[in-house]
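Number of protein chains: 2
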Amino acid sequence: MKAEIIAIGSELLTPFKLDTNSLYLTEQLERLGIPVVQKTVVGDDHERLKAAFAEALKRSDLVIGIGGLGPTQDDRTREAVADLLKRKLHRNQEVVAAMEERFRARGRQMSEVNLRQAMVPAGADWLPNPNGTAPGLWLKTKEERIVLLLPGPPPELKPMFEEHALPRLRPRAPRQALVTKVLKTVGLPESEVEQRIAPLYREVTNPETTLLASPGQVEIHLRARGSEAGEALRRAEELAERLEQALGEAVFARGPETLEQVVGLYLMMRGATLAVAESCTGGLVAERLTNVSGSSHYFLGGVVCYSGKLKSKVVGVSDALLKRKGEVSVEVAESLAKKIRRRTGAVLGLGVTGIAGPTGGSPDKPVGTVFISLADAHRVKSEKHRFLGDRERIRWQAAQAALDLVRRKLLK
Amino acid sequence: MKAEIIAIGSELLTPFKLDTNSLYLTEQLERLGIPVVQKTVVGDDHERLKAAFAEALKRSDLVIGIGGLGPTQDDRTREAVADLLKRKLHRNQEVVAAMEERFRARGRQMSEVNLRQAMVPAGADWLPNPNGTAPGLWLKTKEERIVLLLPGPPPELKPMFEEHALPRLRPRAPRQALVTKVLKTVGLPESEVEQRIAPLYREVTNPETTLLASPGQVEIHLRARGSEAGEALRRAEELAERLEQALGEAVFARGPETLEQVVGLYLMMRGATLAVAESCTGGLVAERLTNVSGSSHYFLGGVVCYSGKLKSKVVGVSDALLKRKGEVSVEVAESLAKKIRRRTGAVLGLGVTGIAGPTGGSPDKPVGTVFISLADAHRVKSEKHRFLGDRERIRWQAAQAALDLVRRKLLK
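Just so you know, the protein sequences line up as chains L and G, in that order. The opening position of the first sequence corresponds to residue 1377 in the numbering used here, with each subsequent residue numbered one higher. The opening position of the second sequence corresponds to residue 1377 in the numbering used here, with each subsequent residue numbered one higher.
Just chain L, with the same shape it has in the complex:
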């Protein structure tokens, strides 16, 4: 069984908006062992919609349309599919009742225009929408191919898919299961990751291995197939283990966890607390740490000492040191780490100072130079980095390296 996704909406053909629902659906379908072989984005245009569904149905057994089920004249998915499959549209009284009930529960009256959403093609099943008015539609063609129409807003699409479409798809899915495993690494460039693991995965077609690089991070995705989930999982885990041995400490997660979540988990496990004095990252380290729910248990806070004045007045770095060594220096990074630790009473103090650019560099300390220090009660560990890229990329890489320094400290 093969699937295609058609994302519908003229706004998806503007420079401002991407279809993101297809990522979710692809993940759900992969779990059933159903690969997505093509995706199409098409506007709310009757003829184009009809043609897109016609072509997709020639190629694939399952065609999922997303969006265009709203109540207004702009929304044409229902009509185009009914026209293509030569089905008459009828007002479905059950749908009308469900919609009226929804409006009543909110103390509002349903308007006439909503009745369009109650039109169901002959022979189609409708799928309840727990979070909106538009029902989903499930149609079988005479060639036994499936057309599934879902509403576009993710809070409507996801529960409808899971509660009403998945149970219908499961018995049709192949016996084959597909399992995805992820390894996430920090601190190694993509070429180094590739060099270490290529000999291990290159000749293996199951699992299939993909590398995805972002600033300061490389993710390795393993997609394994098997006759049942257990077998696929075993295959994925076997290869993952071998790759992990080749990558060593650079692997920080074996699942969806972010680096800041992993750092938080380690801090929690050790009952340790952390405070940060950061300059060039401008609050990014603190922001990432506090983006994790529960972070108040281990993150005390920090100082964004963007100016020299704050480094001295608020964190307590000595003016003499700032003058002698310069704001971007290993000595200042160490002092930031030690002082913020003492000032806040945290177990660990992290200091970051550097030049994010685009200006401020010198031949001696070019843009991208970043010093990171981590202090505990006994000692300070420091690193010097030279990151490449634009301001945003440099800041992100610096935050990655800073979080990673904490992670590796806690690993031991």
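Just so you know, these hints were derived from the structure itself, not from any lab. The reader is advised that the hints may include incorrect statements.
Identical chains blur together in the list; that is why a pair holds if it fits in one copy or across any two.
[Stated by the list, open to error] Result set (DSS-like, lysine-lysine): computed pairs, CA atoms no more than 27 Å apart in a straight line: (1) Lys1685 x Lys1741; (2) Lys1788 x Lys1426; (3) Lys1741 x Lys1757; (4) Lys1393 x Lys1557; (5) Lys1534 x Lys1393; (6) Lys1785 x Lys1685.
Use these hints to put chain G onto chain L, whose structure you have.
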């Protein structure tokens, strides 16, 4: 003239990766007055690629393929298009020379495998790649339709498109120009924005108006057509002005600027400086402010006082006040604003305290309660908000409201 985009690569059919190049290309094409009518994502598969290009060429005059031009066997775009258009592939010595030069300049030897990238279909023009090895390709079909093949990495695609494809497209573009104008608002819910401006834009089809809402922000996109750019621009600006009058101070930008850029600009214009003491936003306000290049001129820094201890020890809020009023209170927000201002010597001090959730709420102060204060030498202005949504959404809305408080102060 109508365009389609085909994004090529099996990784774009996984749950992990979206095609984003098409947004950039759509914007570029719209400026030429060429609408994008369909987008397709297809894997690196010879037959599927061939079929996708064949279908697109039936519908559209310009078909842009992105990706699949690499040196390995996985990359099949060149071959599929040559096969479809029945063109022989020849090794092009100019391309070979350009590639060798590139390798030489980096002190490396070109490998055999790269020669695949020098294969050019008969009758095709090749486009130089300033940032990579794969050349672009420009082919004309016998029906005078254009196939443009571009490399996938954005740092290669963008300069190639602008330097080598745009000059070829311009003379073919319709006389019609398309201009997009954006108004960005902060602080008003989408329904309120809609209510105020719907009567003004609803009946107008040129410009076409679209609303895009994100947490704490609503963008209004106006797309105007005209026989030349000046006319389209005039149409867009006329409507934009009327909408702006209806929206008043809520409009913070008339272009691509972010809220933090606008705040930075205002601070710079007034020669003012800002410091922040933020709790529930966890560094997000500082991170956004410092993400703007040049922010060191007006942003002194701040304290992420995630724990009560930091509020008192580092910012200087009195322990008695914290105990009496609670960490989340208007009094503590005011004290944060005043103390951080005095401690750093900034012209303006901003204080944020609240409950981002998911835990920590009470009947009295539910999750989403946020107090924001802004202090200057003479007085403090404070606001109480109640934001809805998950942790990330609440934090983002709180940061929006905090930045907006600074903006409105400086407007006067």
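Here is how each hint holds up against the structure:
1. Lys1685 x Lys1741: Answer is within; shortest intra-copy Cα gap is 21 Å, inter-copy 36 Å.
2. Lys1788 x Lys1426: neither (60 Å within a copy, 54 Å between copies)
3. Lys1741 x Lys1757: within (20 Å within a copy, 42 Å between copies)
4. Lys1393 x Lys1557: Between copies only: 15 Å across, 29 Å inside.
5. Lys1534 x Lys1393: both (19 Å within a copy, 19 Å between copies)
6. Lys1785 x Lys1685: The answer is between: 25 Å across copies meets 27 Å, while 30 Å in one copy does not.
When held up to the earlier numbered hints, the structure conflicts with hint 2 and nothing else.
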